[in-house]
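> Residues per chain are reported as follows:
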Amino acid sequence: MEKLRGRVWKYGPNINTDVIIPGRYCHITDPKELARYCMADLDTEFIKKIKPGDIVVAGGNFGCGSSREVAPLSIKASGIGGVVAPSFARIFYRNAINIGFPIFESAAAYEQIDEGDEVEIDPDTGTIHDLTKGTEYKAAAFPEFLQTIMSRGGLRGYAEEELARQSAS
Amino acid sequence: MGMTITEKILAAHAGRDRVEPGEIVMVDVDVVLANELSAALAIDEFKKIEGATRIRDPEGAVFVPDHFTPNKDITTAKLVQRVREFALEQNARWFEVGRAGIEHCVLPQNGIVGPGQVIIGGDSHTTTYGALGAFSTGVGSTDVAVAWAIGQTWLRVPPTVKVTYHGRLRPWVTGKDLILYTIGQLTVDGATYMAMEFHGDALAELPMAGRFTMANMSIEAGAKNGIFHPDDITREYLGSVGHNRYTEFRSDPDAAYERDVEIDAGTIEPQIAFPAIPENTRPVTEAGTVEIDQVVIGTCTNGWIEDMREAAHVLRGHHVDPRVRCIVVPGSQEVQRQMVKEGLMEIFLDSDCIVSTSTCGPCIGGHMGVLGEYEKCVSTTNRNFVGRMGARTAEIYLANPAVAAASAVSGRIAHPDEVASPVAAG
Ligand code: SF4
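So the sequence lines, in the order shown, correspond to chains A and B.
For the first sequence, position 165 matches number 165 in the numbering used here, and the numbering has no gaps at all.
In the numbering used here, each residue's number is its place in the second sequence (first place is 1) plus 1000.
Any given hint could be a false lead.
In silico contact screen, one side only, chain B against chain A (beta carbon under 7 Å); selected entries [as the list claims (entries may be wrong)]:
1. Leu1037
2. Ser1124
3. Ala1149
4. Gly1365
5. Phe1385
6. Ala1391
7. Arg1392
Pairs of lysine-lysine residues, derived as DSSO-like cross-links and limited to a Cα-Cα distance of at most 27 Å, are as follows [claimed, not checked]:
8. A/Lys10 to A/Lys48
9. A/Lys32 to B/Lys1072
10. A/Lys133 to A/Lys3
11. A/Lys32 to B/Lys1078
12. A/Lys32 to B/Lys1047
13. A/Lys138 to A/Lys3
14. A/Lys138 to A/Lys51
15. A/Lys32 to A/Lys3
16. A/Lys32 to B/Lys1048
17. A/Lys10 to A/Lys51
Hint data in this document are derived by calculation from the structure and do not stem from the laboratory.
Since the structure is predicted, the reported quantities are computational estimates derived from the model, not experimental observations.
Virtual Cβ for every residue (Gly too), placed ideally from N, Cα, C.
With these hints in hand, go ahead and build the complete structure from the sequences.
Okay, structure coming up:
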């Protein structure tokens, strides 16, 4: 995967899916429109201030709450390159993997990276480089099976291979 | 080394003798649930899967439109239309408005879910069915689409936190209070990626309604699934809904747990979760004076007939404070029918509540009771996040049905003792 590079926007712990994409917008399925409401109830300026490729660094349990896949979809569609947090709520974690949106687990990165820092992330190695501070962090590696899913661009690729295998046998 | 009930169910569905916490397994799925929101995205995704045209197990694919139904506006009407067409064309199980209600009440009441199953759903409160001894968890829309196509899903086997409740419950204390108290203890990510297994003599007489509530809210502690062991109460319930063929699993005495939490349930008072996070719990008696604008009683967390009886018991002979709107939302059409039979409808109407059709509506700030700026609401729902039920400045306080009813009468957060005497213990 390509390296990610951008400025950091920083938020606290327990950022829930209701503030990432409020229920009143959950009937929207068009990614472009979803992007307009990304983080609507957390930071009303969010969508105006971010630039494509920027990185969100947030506290633990990121994405807790509902199963809405529109949460990672809206962040992905907003142009944010990836999210770094000490931990992710489990449905958000699987949704991000399933749609091929890069997320990185690192407590040290959350503690030390500040808003506005320029960072570069190598998704293949999980290395997070704070270019402003000249520091480096290593995100927890994904289990092998999940790497396989990500390398196929998400869960759909896996399913297609499985269907092809079944119809061949 | 023994295995937990969760590990046993997952092993059985992975075609294995045993599984270990942390490993990722592909498991066969018995039931795939989707509401109109998760279904709409899942359908788009399903159509993109090359080689997938039919849902592999249409009997196990259940669709319940509930979040914005009866259709709130033209946009949601179109969305539901699209989902309905797909479900019918696939010969899947479609629960139309008028025969359904909120998904997590509809599935148990129709005998669709039961012990030993693996159930996934495009809704985080799919954890509800763990009350019956199933492995049941919420997933995203891509997971739903893939499970439709291949009949399987990937799961990381969760470690288990065992929560044991000792003692005898005090008057007015329900499953809602036990789970709110537990979330207060564990915090909202205390059980992230884990199974929560519920035990203890305090649960022996807890009705199915209270167990559903607890399993429903296990996700509010971050849990992957919440699970009870089937007992006579479970079996009787399953018999009453015609779910008669199932396999019961039990944790081995020497199963390994990540964590043991012991709770003296006999000392717990009715709880209230202050805004804007469910772990922010305290006893109702320590709530102070909080004047309120709205009360919501019901939805998937507390929309069972037992909940309605409790609320009606408190409201009988009283009136809702004139400055307060009290909205009662039965969990399903079935519950509503029973309310009519038992005369509860009359009690709610006489006490100036409005009884809504069964819908998620107010719980997600969708329709049927959205909160305005700075309004305060006591709600029996499961989340009190910022903006969840409407305006960002609105405040949500989570409680059990009796507390909610007493608060509606008092115009502020109130203990049920202020309004009524408890029904016989239990
Ligand atoms: S009632 Fe609320 S918590 Fe339950 S399924 Fe509906 S939106 Fe979700």
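> Does each hint hold? Answer for all of them.
Consistency of the hints with the structure:
no., hint, in the structure
1, Leu1037, "holds (5 Å)"
2, Ser1124, "holds (4 Å)"
3, Ala1149, "holds (5 Å)"
4, Gly1365, "holds (5 Å)"
5, Phe1385, "holds (4 Å)"
6, Ala1391, "violated (10 Å)"
7, Arg1392, "holds (5 Å)"
8, A/Lys10 to A/Lys48, "holds (15 Å)"
9, A/Lys32 to B/Lys1072, "holds (23 Å)"
10, A/Lys133 to A/Lys3, "holds (18 Å)"
11, A/Lys32 to B/Lys1078, "holds (19 Å)"
12, A/Lys32 to B/Lys1047, "holds (20 Å)"
13, A/Lys138 to A/Lys3, "holds (14 Å)"
14, A/Lys138 to A/Lys51, "holds (24 Å)"
15, A/Lys32 to A/Lys3, "holds (23 Å)"
16, A/Lys32 to B/Lys1048, "holds (19 Å)"
17, A/Lys10 to A/Lys51, "holds (14 Å)"
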